[in-house]
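If you read the sequences in order, they're chains A and B. Residues in the first sequence are numbered consecutively from 1, following the numbering used here. Residues in the second sequence are numbered consecutively from 1, following the numbering used here.
No lab work stands behind these hints, which were simulated from the structure alone. Small disclaimer: the values here were computed from a predicted structure and weren't measured. Every residue, glycine too, gets a C-beta built ideally from N, C-alpha and C. It is possible that part of the hints are untrue.
[To be verified] Computed Cβ-Cβ distance ranges for the label pairs, DEER-style: (1) Arg220(A) with Ala299(B): 47 to 57 Å; (2) Leu281(B) with Asp337(A): 21 to 31 Å; (3) Val166(B) with Met299(A): 56 to 66 Å; (4) Ile309(B) with Gly76(A): 50 to 60 Å; (5) Leu304(A) with Glu215(B): 32 to 42 Å; (6) Asp123(B) with Glu289(A): 42 to 52 Å; (7) Asp19(B) with Arg220(A): 22 to 32 Å; (8) Val313(B) with Glu307(A): 33 to 43 Å; (9) Ala23(A) with Tyr406(B): 52 to 62 Å.
[As the list claims (entries may be wrong)] Straight-line Cα separation of at most 27 Å, DSS-like style, residue types lysine-lysine; simulated pairs: (10) Lys317(A) with Lys31(B); (11) Lys396(B) with Lys181(B); (12) Lys339(A) with Lys406(A); (13) Lys122(A) with Lys259(A); (14) Lys27(A) with Lys163(A); (15) Lys51(A) with Lys121(B); (16) Lys220(B) with Lys51(A); (17) Lys63(A) with Lys73(A); (18) Lys189(A) with Lys298(A); (19) Lys396(B) with Lys303(A); (20) Lys156(B) with Lys31(B); (21) Lys121(B) with Lys181(B); (22) Lys220(B) with Lys26(B); (23) Lys127(A) with Lys63(A); (24) Lys159(A) with Lys60(A); (25) Lys59(A) with Lys163(A); (26) Lys122(A) with Lys317(A); (27) Lys156(B) with Lys121(B); (28) Lys306(A) with Lys181(B); (29) Lys298(A) with Lys317(A); (30) Lys31(B) with Lys306(A); (31) Lys30(A) with Lys59(A); (32) Lys298(A) with Lys396(B); (33) Lys59(A) with Lys27(A); (34) Lys396(B) with Lys223(A); (35) Lys31(B) with Lys223(A); (36) Lys317(A) with Lys220(B); (37) Lys220(B) with Lys298(A); (38) Lys59(A) with Lys259(A); (39) Lys30(A) with Lys60(A); (40) Lys189(A) with Lys127(A).
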Amino acid sequence: MVGGETDNKDLMMDFSLNEEQRAWQMKARKFAQEEIRPISLQRDQIADPRKTFDWEIIKKGSKLGFRTAAVPKEWGGYGIDFVTQALVMAELAKGDSAISKTFSQCWKWSHLIAAVCTEEQKERFLKPFLADDTFVLGKGITEPSAGSDNRLPPDDDPKAGVKLRAERNGDEWILNGEKAFIANGSIAKLFFLDVRTNPHVRLRDGVTLFLVPSDTPGFRVGKVFNKNGWRFYQNAEMIFENARVPHANIVGEVNGAYKKSTGDTSGGDIFGDLELAANALGVCEAACEQALHLARTKMQSGKLLKEQQVVQLKIDKMHMLTEALRSFVLRVACEHDQKMHSANAGLAMNFSTDVIQDVTELNMDIHDGAGCVDVGADKLVRDSFIWTHLAGDSVQRMKVARRIIK
Amino acid sequence: MYNLHLSAEQLEFRDTVRDFVAQEIKPIALKPERLEPFEHPLLMEILDKASNLGLRTLALSEENGGAGADSLTSCIVTEELAVGDVDIAAVLAETSTLSHILFHRLMTPAQRNRFLPQFLKDDRYHLAFAGPEPGTDTRLGVNYHCASTPSRIATKAVRAGNGDWVINGIKDCVLNAPVAKLFVVQVATDLDRSDRQDTNLLLVPYDAPGLAVREQNQAKLRCHGAGGELIFGDCRVPAENLLSAEVGSAAALWNRAVERGSPQEQALNLGIGRAAYEAALDYAQLRVQGGRRIIEHQAIGTKLAEIAISLEVARNAIWQAAYASDHPDAVADRSLPDLPLQIIAKVFTSEAVYRAAKDAAEVFGAMGVMRDMPLQKYVHDALVCLHSGDGNSDAKLRIAEALAGYRRP
Numbered sequence: 001m002v003g004g005e006t007d008n009k010d011l012m013m014d015f016s017l018n019e020e021q022r023a024w025q026m027k028a029r030k031f032a033q034e035e036i037r038p039i040s041l042q043r044d045q046i047a048d049p050r051k052t053f054d055w056e057i058i059k060k061g062s063k064l065g066f067r068t069a070a071v072p073k074e075w076g077g078y079g080i081d082f083v084t085q086a087l088v089m090a091e092l093a094k095g096d097s098a099i100s101k102t103f104s105q106c107w108k109w110s111h112l113i114a115a116v117c118t119e120e121q122k123e124r125f126l127k128p129f130l131a132d133d134t135f136v137l138g139k140g141i142t143e144p145s146a147g148s149d150n151r152l153p154p155d156d157d158p159k160a161g162v163k164l165r166a167e168r169n170g171d172e173w174i175l176n177g178e179k180a181f182i183a184n185g186s187i188a189k190l191f192f193l194d195v196r197t198n199p200h201v202r203l204r205d206g207v208t209l210f211l212v213p214s215d216t217p218g219f220r221v222g223k224v225f226n227k228n229g230w231r232f233y234q235n236a237e238m239i240f241e242n243a244r245v246p247h248a249n250i251v252g253e254v255n256g257a258y259k260k261s262t263g264d265t266s267g268g269d270i271f272g273d274l275e276l277a278a279n280a281l282g283v284c285e286a287a288c289e290q291a292l293h294l295a296r297t298k299m300q301s302g303k304l305l306k307e308q309q310v311v312q313l314k315i316d317k318m319h320m321l322t323e324a325l326r327s328f329v330l331r332v333a334c335e336h337d338q339k340m341h342s343a344n345a346g347l348a349m350n351f352s353t354d355v356i357q358d359v360t361e362l363n364m365d366i367h368d369g370a371g372c373v374d375v376g377a378d379k380l381v382r383d384s385f386i387w388t389h390l391a392g393d394s395v396q397r398m399k400v401a402r403r404i405i406k
Numbered sequence: 001m002y003n004l005h006l007s008a009e010q011l012e013f014r015d016t017v018r019d020f021v022a023q024e025i026k027p028i029a030l031k032p033e034r035l036e037p038f039e040h041p042l043l044m045e046i047l048d049k050a051s052n053l054g055l056r057t058l059a060l061s062e063e064n065g066g067a068g069a070d071s072l073t074s075c076i077v078t079e080e081l082a083v084g085d086v087d088i089a090a091v092l093a094e095t096s097t098l099s100h101i102l103f104h105r106l107m108t109p110a111q112r113n114r115f116l117p118q119f120l121k122d123d124r125y126h127l128a129f130a131g132p133e134p135g136t137d138t139r140l141g142v143n144y145h146c147a148s149t150p151s152r153i154a155t156k157a158v159r160a161g162n163g164d165w166v167i168n169g170i171k172d173c174v175l176n177a178p179v180a181k182l183f184v185v186q187v188a189t190d191l192d193r194s195d196r197q198d199t200n201l202l203l204v205p206y207d208a209p210g211l212a213v214r215e216q217n218q219a220k221l222r223c224h225g226a227g228g229e230l231i232f233g234d235c236r237v238p239a240e241n242l243l244s245a246e247v248g249s250a251a252a253l254w255n256r257a258v259e260r261g262s263p264q265e266q267a268l269n270l271g272i273g274r275a276a277y278e279a280a281l282d283y284a285q286l287r288v289q290g291g292r293r294i295i296e297h298q299a300i301g302t303k304l305a306e307i308a309i310s311l312e313v314a315r316n317a318i319w320q321a322a323y324a325s326d327h328p329d330a331v332a333d334r335s336l337p338d339l340p341l342q343i344i345a346k347v348f349t350s351e352a353v354y355r356a357a358k359d360a361a362e363v364f365g366a367m368g369v370m371r372d373m374p375l376q377k378y379v380h381d382a383l384v385c386l387h388s389g390d391g392n393s394d395a396k397l398r399i400a401e402a403l404a405g406y407r408r409p
């Protein structure tokens with residue numbers, strides 16, 4: 001551990017991990033070091049956003065269990081607990097934040113399948129998901145004119161939020177409209193989609209959750225968004241033109257996507273908040289590692305950088321924030337494992353936005369301040385910008401605040 | 001007396017350039033197909049048009065054929081240009097500033113006659129100063145508050161039999177290198193053969209035999225505009241290309257001219273913030289979420305207010321530094337503090353604009369990180385300014401030395 005009394009640097013935080021948690025952490029660390037890190041920058045630097053993705057790393061990771069880690073054991077997954085999930089996401093993110101997210105995006109929705117799908121749906125979708133190393137999952141919520149409105153729906157405006165429309169036609173639903181920025185949109189084989197089934201009522205009463213396979217007739221992928229960070233991660237436009245989805249693919253009840261009894265109560269938000277905070281932790285660790293390496297090796301006017309007070313103060317702040325985030329992430333994971341759900345997950349997610357940006361910017365500052373402009377330090381800063389709209393914009397903060405205040 | 005009125009001429013410059021940015025620069029600079037690629041080549045046709053408007057020769061004195069703009073006017077113009085395209089603004093600011101120092105203050109009448117007509121005639125005639133060399137470290141760092149030995153200049157110039165200067169060495173991080181037609185090159189001449197190093201300035205045309213110019217990656221240099229490396233291999237220029245008749249005197253003049261730094265860099269930085277702010281303000285008045293235009297939400301309104309506060313305060317700091325540079329007597333008569341005002345403006349502006357650009361990007365939600373949209377570029381451009389020069393940590397050390405009255409020996 002940083003600043004520990006002994007050289008056994010794993011001692012302080014890891015003593016409370018059980019053998020299985022430790023084993024997953026080490027497996028993820030090894031995979032990140034040996035397989036992810038060597039391709040991370042190279043993938044980031046590819047200009048065409050459709051070509052940054054790499055199936056080989058997904059297949060390799062899948063064979064090690066990283067794709068299906070969160071599927072319950074009785075369904076043939078690994079059923080790792082939330083603490084282990086947080087540890088693995090952080091380790092993978094230390095290698096590459098976007099690659100870690102591609103794996104954990106599958107966990108996010110396999111939580112959901114396990115929690116709310118019928119046995120028949122599990123047979124149809126969970127089994128092929130488990131069997132195929134290239135089967136990844138996605139969820140479509142956001143649309144060009146429905147972003148914040150889905151996160152914090154206004155009570156008085158039925159027009160706000162999801163507009164992708166589904167109309168019933170016998171045993172099928174006909175979908176028309178589009179989704180934007182959808183994670184894994186161009187590569188996933190199965191999507192959970194929030195779709196309007198009643199346009200005349202407010203969002204929480206008029207949206208249905210559909211399971212939509214990527215080979216659905218009438219569905220096609222539009223553009224793949226060209227992001228400045230998380231370049232490996234594929235966010236795409238999804239276009240539906242009279243797309244036909246069987247009624248049997250509805251999750252829960254019609255118009256029930258946002259209802260506690262049938263909707264997304266265990267998979268999405270509870271995991272999603274922890275996911276972004278844990279991923280940020282890994283990025284912060286990578287930044288700390290880069291900064292320490294430079295401070296210990298770079299000479300300026302005959303002295304190592306680490307001799308300078310201004311550098312020491314930056315290193316201190318980076319570690320102070322990173323360790324605070326680690327404590328917060330593990331606390332939230334631990335609370336989730338004990339089914340104690342509070343605003344803490346959301347707070348940790350908001351906090352991780354501030355921390356990941358401060359820490360990666362300080363790392364860049366140490367590099368640039370020493371005249372060592374570094375593309376690796378630059379990548380971490382660009383990746384950290386993703387947190388702004390995902391985890392730390394004012395809507396994501398007010399959402400948590402309202403949960404606390406009410 | 002305290003007066004913040006701009007002159008009619010300054011207001012006209014501002015309006016003209018603002019219009020030029022809206023009509024000519026933005027429609028091209030903000031096209032998705034230009035924004036998306038990692039590289040953004042200089043928009044040469046726009047540089048030509050800007051030259052036609054007189055922006056390349058803005059600071060050149062009127063008797064030499066320029067507009068004779070002072071530092072404050074130059075700041076106003078640079079801010080406006082940077083709202084449209086930061087690289088255009090940087091190239092023009094560099095050539096304009098150098099044209100004043102070079103043609104007005106350093107060249108002999110004979111040199112002026114040789115170089116000025118071509119400079120005035122050719123819209124693509126830019127100027128560059130080649131001082132820094134690979135491995136030169138100008139940071140204070142561990143030398144804060146103690147004497148340090150200035151690094152010696154490795155690029156050497158010796159006299160050939162016919163009096164020509166023969167230059168050998170490498171210069172890097174030279175602003176404007178890829179577009180310059182005339183370089184002012186800092187060289188060691190060692191004419192007096194003593195221990196002391198003689199520094200001189202030579203005028204080197206871009207097509208001088210033995211000079212190779214190589215473009216360098218802008219992001220890596222942490223500067224805007226166009227930068228490059230100059231490689232001199234037995235490069236020859238005539239004896240008359242030595243700046244100033246007296247050997248050594250030009251270098252001292254030069255140092256005095258550039259020592260103060262130019263608040264134009266901060267004006268450029270501010271222009272980036274303005275571009276981000278204007279984009280966010282427009283979008284916040286169009287985008288509807290939560291049942292109303294997002295500017296009507298407290299969260300977004302407050303954010304835009306914070307951005308506006310940052311930009312206004314930064315502009316005050318920059319204009320104060322520019323005014324001090326135009327009126328050295330204002331410090332002498334105690335109207336302005338005897339502080340490194342330009343460095344103070346640099347630190348404040350670069351930090352404030354970086355925060356402002358990030359906040360402006362947040363207003364755009366996910367579109368704030370998309371490469372076909374300008375917001376991510378504004379954030380990146382602000383980041384470059386944040387880390388330009390020797391960085392803000394070093395800048396603060398320089399301010400601290402000044403506060404303590406420490407004079408570098």
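Results for each hint:
Separated by about 36 Å at the C-beta atoms, arginine 220(A) and alanine 299(B) break the suggested range of 47 to 57 Å. About 46 Å separates the C-beta atoms of leucine 281(B) and aspartate 337(A), a value inconsistent with the hinted range of 21 to 31 Å. For the hinted restraint 56 to 66 Å between valine 166(B) and methionine 299(A), the CB-CB distance of approximately 34 Å leaves it violated. In this structure the supplied range 50 to 60 Å holds for isoleucine 309(B) paired with glycine 76(A), their Cβ-Cβ distance being about 57 Å.
Between leucine 304(A) and glutamate 215(B), the C-beta spacing of about 33 Å keeps the proposed range 32 to 42 Å intact. The hinted window of 42 to 52 Å between aspartate 123(B) and glutamate 289(A) holds, with their beta carbons roughly 50 Å apart. Evaluation of the 22 to 32 Å hint for aspartate 19(B) and arginine 220(A) yields a failure: the beta carbon distance comes to about 43 Å. Our hint of 33 to 43 Å for valine 313(B) and glutamate 307(A) holds, since their Cβ atoms are close to 35 Å apart.
At roughly 58 Å, the beta carbons of alanine 23(A) and tyrosine 406(B) sit within the given window of 52 to 62 Å. Among the hinted pairs, lysine 317(A) with lysine 31(B) is inconsistent with the structure: their alpha-carbon atoms are about 40 Å apart, more than 27 Å. Taking the CA atoms of lysine 396(B) and lysine 181(B), the gap is near 36 Å; set against the 27 Å cutoff, the hint is violated. For the hint pairing lysine 339(A) with lysine 406(A), the CA-to-CA distance comes to about 21 Å; that is within 27 Å, so the pair holds.
Of the supplied pair hints, the one linking lysine 122(A) and lysine 259(A) holds, its CA atoms being roughly 21 Å apart against a limit of 27 Å. Taken as a hint, the lysine 27(A) and lysine 163(A) pair is broken in the structure, with Cα atoms around 43 Å apart against an allowance of 27 Å. Among the hinted pairs, lysine 51(A) with lysine 121(B) is inconsistent with the structure: their alpha-carbon atoms are about 47 Å apart, more than 27 Å. Distance restraint check for lysine 220(B) and lysine 51(A): the Cα-Cα separation of roughly 24 Å lies within the 27 Å cut-off, and the hinted pair is therefore satisfied.
Restraint check for lysine 63(A) and lysine 73(A): the C-alpha separation of about 16 Å stays at or below 27 Å, so the hint holds. At roughly 47 Å between alpha-carbon atoms, lysine 189(A) and lysine 298(A) are farther apart than 27 Å, so this suggested pair is violated. Among the hinted pairs, lysine 396(B) with lysine 303(A) is consistent with the structure: their alpha-carbon atoms are about 20 Å apart, no more than 27 Å. As the CA atoms of lysine 156(B) and lysine 31(B) are separated by approximately 45 Å, the hinted pair breaks the 27 Å bound.
The straight-line distance between the Cα atoms of lysine 121(B) and lysine 181(B) is roughly 12 Å, inside the 27 Å bound, and the hint therefore holds. Distance check on the hinted pair: lysine 220(B) and lysine 26(B) sit about 25 Å apart at the alpha-carbon level, within 27 Å; holds. Pair hint lysine 127(A) plus lysine 63(A) holds up; C-alpha atoms about 16 Å apart against a cutoff of 27 Å. Straight-line distance between C-alpha atoms of lysine 159(A) and lysine 60(A) comes to about 44 Å, which puts the hinted pair past the 27 Å bound.
A C-alpha spacing of about 35 Å is found between lysine 59(A) and lysine 163(A), which places the hinted pair above 27 Å, so the restraint is violated. A distance of roughly 47 Å separates the Cα atoms of lysine 122(A) and lysine 317(A); the hinted pair therefore is violated under the 27 Å criterion. Our distance criterion of 27 Å between C-alpha atoms is broken by lysine 156(B) and lysine 121(B), whose separation comes to about 32 Å. Distance restraint check for lysine 306(A) and lysine 181(B): the Cα-Cα separation of roughly 43 Å exceeds the 27 Å cut-off, and the hinted pair is therefore not satisfied.
Between lysine 298(A) and lysine 317(A) the alpha-carbon distance is near 20 Å, which keeps this suggested pair within the 27 Å criterion. This hinted pair does not check out: lysine 31(B) and lysine 306(A) have alpha carbons roughly 44 Å apart, beyond 27 Å. As the CA atoms of lysine 30(A) and lysine 59(A) are separated by approximately 16 Å, the hinted pair is consistent with the 27 Å bound. For the proposed pair lysine 298(A) and lysine 396(B), the alpha carbon gap of about 21 Å is at most 27 Å, so the pair holds.
Between lysine 59(A) and lysine 27(A) the CA atoms are separated by roughly 15 Å; this keeps the pair inside 27 Å, and the hint holds. With a CA separation close to 46 Å, the supplied pair lysine 396(B) and lysine 223(A) exceeds the 27 Å bound. A distance of roughly 17 Å separates the Cα atoms of lysine 31(B) and lysine 223(A); the hinted pair therefore holds under the 27 Å criterion. Restraint check for lysine 317(A) and lysine 220(B): satisfied, since their Cα atoms lie roughly 26 Å apart, inside the 27 Å limit.
For the suggested pair lysine 220(B) and lysine 298(A), the alpha carbons sit about 18 Å apart, so the restraint of at most 27 Å is met. For the hint linking lysine 59(A) to lysine 259(A), the alpha-carbon distance of about 36 Å lies beyond 27 Å, and the restraint is violated. For the proposed pair lysine 30(A) and lysine 60(A), the alpha carbon gap of about 12 Å is at most 27 Å, so the pair holds. Pair hint lysine 189(A) plus lysine 127(A) holds up; C-alpha atoms about 13 Å apart against a cutoff of 27 Å.
Violated hints, in rising order: 1, 2, 3, 7, 10, 11, 14, 15, 18, 20, 24, 25, 26, 27, 28, 30, 34 and 38; the structure is consistent with all others.
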